[in-house]
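Protein chains: 2
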Amino acid sequence: MSRIANKSFRAKIVDAETAASFIHHGDTIGMSGFTGSGYPKAVPGALAARIEAGHAAGDPFKVRVWSGASTGPELDGALAKADGIEFRMPYNSDPIARQKINAGEMDYFDMHLSQVAPMAWEGFLGPLDTAVIEISGITPEGDLIPSSSVGNNKTWLDIADKVILEVNAWQTPMLDGMHDIYYGTALPPNRVPIPLLKSDDRIGQPHFRVDPDKVVAVVETEAPDRNAPFSPPDATAEAIAGHILEFLKWEARRAGLPPSLLPLQSGVGNVPNAVMAGLIAAPFEQMTAFTEVIQDGMLDMIESGTLRMASATAFSLSPDRAAFFNDNAERYRDKLILRPQDISNNPELVRRLGCIAMNGLIEADIYGNVNSTHIMGSKIQNGIGGSGDFARNGYLSIFMTPSTAKGGAISAIVPQVSHVDHISQDVQVIVTEQGLADLRGLPPRKRADLIVENCAHPAYRPMLQDYRARAASASFGRHAPSIPGEALSWHQRFMDTGDMKA
Amino acid sequence: MSRIANKSFRAKIVDAETAASFIHHGDTIGMSGFTGSGYPKAVPGALAARIEAGHAAGDPFKVRVWSGASTGPELDGALAKADGIEFRMPYNSDPIARQKINAGEMDYFDMHLSQVAPMAWEGFLGPLDTAVIEISGITPEGDLIPSSSVGNNKTWLDIADKVILEVNAWQTPMLDGMHDIYYGTALPPNRVPIPLLKSDDRIGQPHFRVDPDKVVAVVETEAPDRNAPFSPPDATAEAIAGHILEFLKWEARRAGLPPSLLPLQSGVGNVPNAVMAGLIAAPFEQMTAFTEVIQDGMLDMIESGTLRMASATAFSLSPDRAAFFNDNAERYRDKLILRPQDISNNPELVRRLGCIAMNGLIEADIYGNVNSTHIMGSKIQNGIGGSGDFARNGYLSIFMTPSTAKGGAISAIVPQVSHVDHISQDVQVIVTEQGLADLRGLPPRKRADLIVENCAHPAYRPMLQDYRARAASASFGRHAPSIPGEALSWHQRFMDTGDMKA
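Going down the list, the sequences are from chains C and A.
Those letters in the first sequence? Residues 0 to 501, by numbering that gives the first Met the number 0.
Those letters in the second sequence? Residues 0 to 501, by numbering that gives the first Met the number 0.
These are computed hints drawn from the structure, not numbers from a lab.
Source: prediction; values computed, not measured.
Misleading hints may appear alongside valid ones.
Result set (DSBU-like, lysine-lysine): computed pairs, CA atoms no more than 30 Å apart in a straight line [said to hold, decoys possible]:
1. K445(C) to K161(A)
2. K80(C) to K197(A)
3. K445(C) to K197(A)
4. K61(C) to K445(A)
5. K197(A) to K197(C)
6. K61(C) to K161(C)
7. K500(A) to K405(A)
8. K161(A) to K161(C)
9. K80(A) to K445(C)
Derived coverage of chain C by chain A (criterion: at least 3 residues anywhere in the stretch with Cβ under 8 Å from a Cβ of chain A; other residues may be distant) [as the list claims (entries may be wrong)]:
10. 101-108
11. 113-122
12. 153-166
13. 345-352
14. 376-384
15. 432-444
16. 474-480
Restraint ranges, calculated between C-beta atoms of paired labels, are given here [what the hints assert, rightly or not]:
17. Q98(C) to A280(A): 48 to 54 Å
18. I12(A) to D448(C): 30 to 36 Å
19. P282(A) to W169(C): 53 to 59 Å
20. P126(C) to E284(A): 27 to 33 Å
21. A281(C) to P172(A): 35 to 41 Å
Positions of the beta carbon are idealized from the N, C-alpha and C atoms, including for glycine.
Here chain C stands alone, though its shape is the one from the complex (with noise of 0.2 Å):
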């Protein structure tokens, strides 16, 4: 049976080369798709072909390309590879792209993901050409079934002059009605208060609009999310995950907070998961999260009905689980609730809630300050995502993270951060298999003493230490005592030597 239950709608099925042919040198695009999940399958990768012909012809042929978040090979892969993006944002994880953004050859701008959708709809970074939008289905009245993702999916739509849309039979039927998509926001001066006061409430309606005279093509598409899987927690993993849960055990005794904690905001990877399996065996209860994306933690967590419910933007399940959702999607369909990036992670409701924000870095340093993004002060790795969001507003933001990579060569606490992304302000605590540090009201060196104390590796505290006692009488002031000449030294020596060890 088809997905596109509106006659005029089906009779603007095309395949994805005459899709892509809508879109030219120069465009901006809108994509949908965030972590892998609900972006489009087919037309990136005949606009890939379309421009590696063109450029065999010897014509330019390159596109700016906005989305909600990452998204999957056949789109920022093929287009990379074919040397077809001129710009990206607002955010990317995609191996080949991000080799052409270090290389310099691809233009990157990376951006808060709750700011994008009103900086766009501001005006603030241009107008948006054609909107390339994955949904699971179209509705007799001529709404759209958003898919595994949502996004910045509103806005482009509502934005975009044309619309391409992909309708993907490989996602569950049973996501409609999972959706919730907020038509309240305005721009200044015009803007009101979310109404939303707990993880759970539902604000908007469950479709997408779209003028149906914006939609120059419709594509159909039979084609699996692709997030990578995530190794299983290691005893590194493990060792965070068990700081990480005693502190919340005793926070939770120390503020009263309720035996449903508060929402919790967590990033991807193996140690988040590690530490919701250890929040299954904790003595919380109808837990809910207000996140960004659906890991499959969450599933497990779901499961064992410590947590209640998951609102997010978007799933972002390994293979196995995705396929797993997709079998038995009915029995979490009361329990997860996806919505609008602006709406996921808005400043406003963020606060309000007061998340428990859990994010992962590249490193921090001894006062606090953390890196998220660029890999020795230059080389992005994804994105500042909307790590910014959750940490500042939350109720508490736990950076975590090894005390090392690179086998040992590099150290994650360093004597100044190479960039930064967080300031210390927003950092509350910071947590290492090592061990971990609770930040809150400290001035600047007795954060240090902590982080050094508690999170440095052994092989990386001694040259720390020393650091801070020749920082102690060579610093201009004494209030957060540096050595400029020296602060990012440790970078510098990795670059030289591999290894930041002296």
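Assemble the complex: chain C is given as a structure, and chain A must be docked to it using the hints.
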């Protein structure tokens, strides 16, 4: 006529020395005060005398001092001079306290001003022993009429074990009715939307409540607020203001903003005053301000009719203007609203209203990261204050500075900032007297093109170009090219030679 219209409070009138005797070594004191307005004038001096007497007798005597923001010399100056402050938060601009902080003799924790009240209430900062609050009167019912700043007073009164009140007869009685004290805040999971839609909405009540049983002393004073006079705008300030005004006019046309533009937030100083003088002549009308402090330029804008009203948490008027305001308060009564700082700076409200945020900086780097606080990375000037609340959440975040300091020995544009308060994502526009860089939507290398070309001083531009050229090949990644071993060398050179120039 007494400002204390309630009998039971009149019975508690004592002198400052007696009031100060309620404060002991190790106590945490929540003081009123925000930018030299509304801070207690008598008890801190009496406490400083007690501390000095204790020290002379060989007894330890230090206290932890919380406030709204900066205060006056009678508070921070007197207590710092007495070596009486163990810990200070969330903001300081007193020169004696600053010297102690940067000598490593006093702990200081600078915070986002919107977060002080909720984090104190959440217990993140430890217990509060005593509140010492300046007010302008007490009603017959025993409610407190706020003074020339609101700051965190509501929260200090709510959470302190003991309360000492200073009733300052110097403050005009016409302040009564200007305040809007919102009692609808709650901690998660019970927070609700803040029902403020426009700068001039009133959502609270004019007076503070206090549990009379907690009030241990009432002290009568008659002493002026003390803000430093501002230097008049010089040619540099006029040039910066000129670039900003041109940009705002262009942006208003581009974005179709209303004639009232959007609510202004502005730091204090001669550059903001020059901007406000320029706004009087600009084609905007019926403007509002939703900001931290009401400074001289805003009174001029109100006089001219350009500014319809201003919402803030404190006055920050030069001595002449404060006297003028006190004599003419009647005509401003319906045009000014003072709110708690967790409302004046609230991210939910700043984002809803779409403030145009204009703040100063110490240095910016070629990628648009901003250091507002730490000279040479280690010596704190004042603190982040509310700049982060407004910069991240406003419609537009503008940072402005002269392009050099110390007679040209310091460049405000550097290869890499020595400390980060505002990440590039929170910095849309940088302005110096040289020009303006509109960074919206630009990837790092294009941001660098604009900042170096438009904002750097010609004496430093070739040095920045040279760094960029070498970084392009020496960098680990070319997304945001840098040379870690050299990135902070300008700061080290200034420390070593007194000049950033090679």
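Hint by hint, here is what the structure shows:
Between K445(C) and K161(A), the direct Cα distance comes to roughly 28 Å. Compliance with the 30 Å bound is thereby established for this hinted pair. For the given pair, K80(C) sits about 49 Å from K197(A) by alpha-carbon distance, which is inconsistent with the 30 Å threshold. Between K445(C) and K197(A), the direct Cα distance comes to roughly 41 Å. Violation of the 30 Å bound is thereby established for this hinted pair. With a C-alpha separation of about 18 Å, the suggested pair K61(C) and K445(A) falls inside the 30 Å cut-off, and the hint holds.
Proposed proximity of K197(A) and K197(C) is supported: the alpha carbons are some 25 Å apart, at most 30 Å. Restraint check for K61(C) and K161(C): the C-alpha separation of about 18 Å stays at or below 30 Å, so the hint holds. At roughly 12 Å between alpha-carbon atoms, K500(A) and K405(A) fall within 30 Å of each other, so this suggested pair holds. Between the alpha carbons of K161(A) and K161(C) the distance comes to roughly 65 Å, so the proposed pair goes past 30 Å and is violated.
Between K80(A) and K445(C) the CA atoms are separated by roughly 23 Å; this keeps the pair inside 30 Å, and the hint holds. A count of 6 residues in the stretch 101-108 of chain C with a Cβ less than 8 Å from any Cβ of chain A is obtained; the coverage claim is therefore met, three being the minimum. Counting residues of the stretch 113-122 of chain C whose beta carbon lies closer than 8 Å to any beta carbon of chain A gives 4, which meets the minimum of three for the stated coverage. Only residues whose beta carbon comes within less than 8 Å of a beta carbon in chain A count, and the stretch 153-166 of chain C has 0; fewer than three means the coverage is violated.
Counting residues of the stretch 345-352 of chain C whose C-beta lies closer than 8 Å to any C-beta of chain A gives 5; at least three are required, and the coverage claim holds. Counting residues of the stretch 376-384 of chain C whose beta carbon lies closer than 8 Å to any beta carbon of chain A gives 5, which reaches the threshold of three, so the coverage claim holds. Three residues within the 8 Å Cβ limit are the bar, and the stretch 432-444 of chain C against chain A gives 5, so the coverage statement holds. With 7 residues carrying a beta carbon less than 8 Å from a beta carbon of chain A, the stretch 474-480 of chain C meets the three-residue requirement, and the given coverage holds.
A hinted range of 48 to 54 Å holds for the C-beta pair Q98(C) and A280(A), which are about 52 Å apart. Between I12(A) and D448(C) the CB atoms are about 45 Å apart, so this pair departs from the stated range of 30 to 36 Å. At about 55 Å, the CB distance of P282(A) to W169(C) agrees with the hint of 53 to 59 Å. Range check, P126(C) to E284(A): Cβ separation about 30 Å, and the 27 to 33 Å hint holds.
Checked against the hint of 35 to 41 Å, the pair A281(C) and P172(A) fails, with Cβ atoms roughly 56 Å apart.
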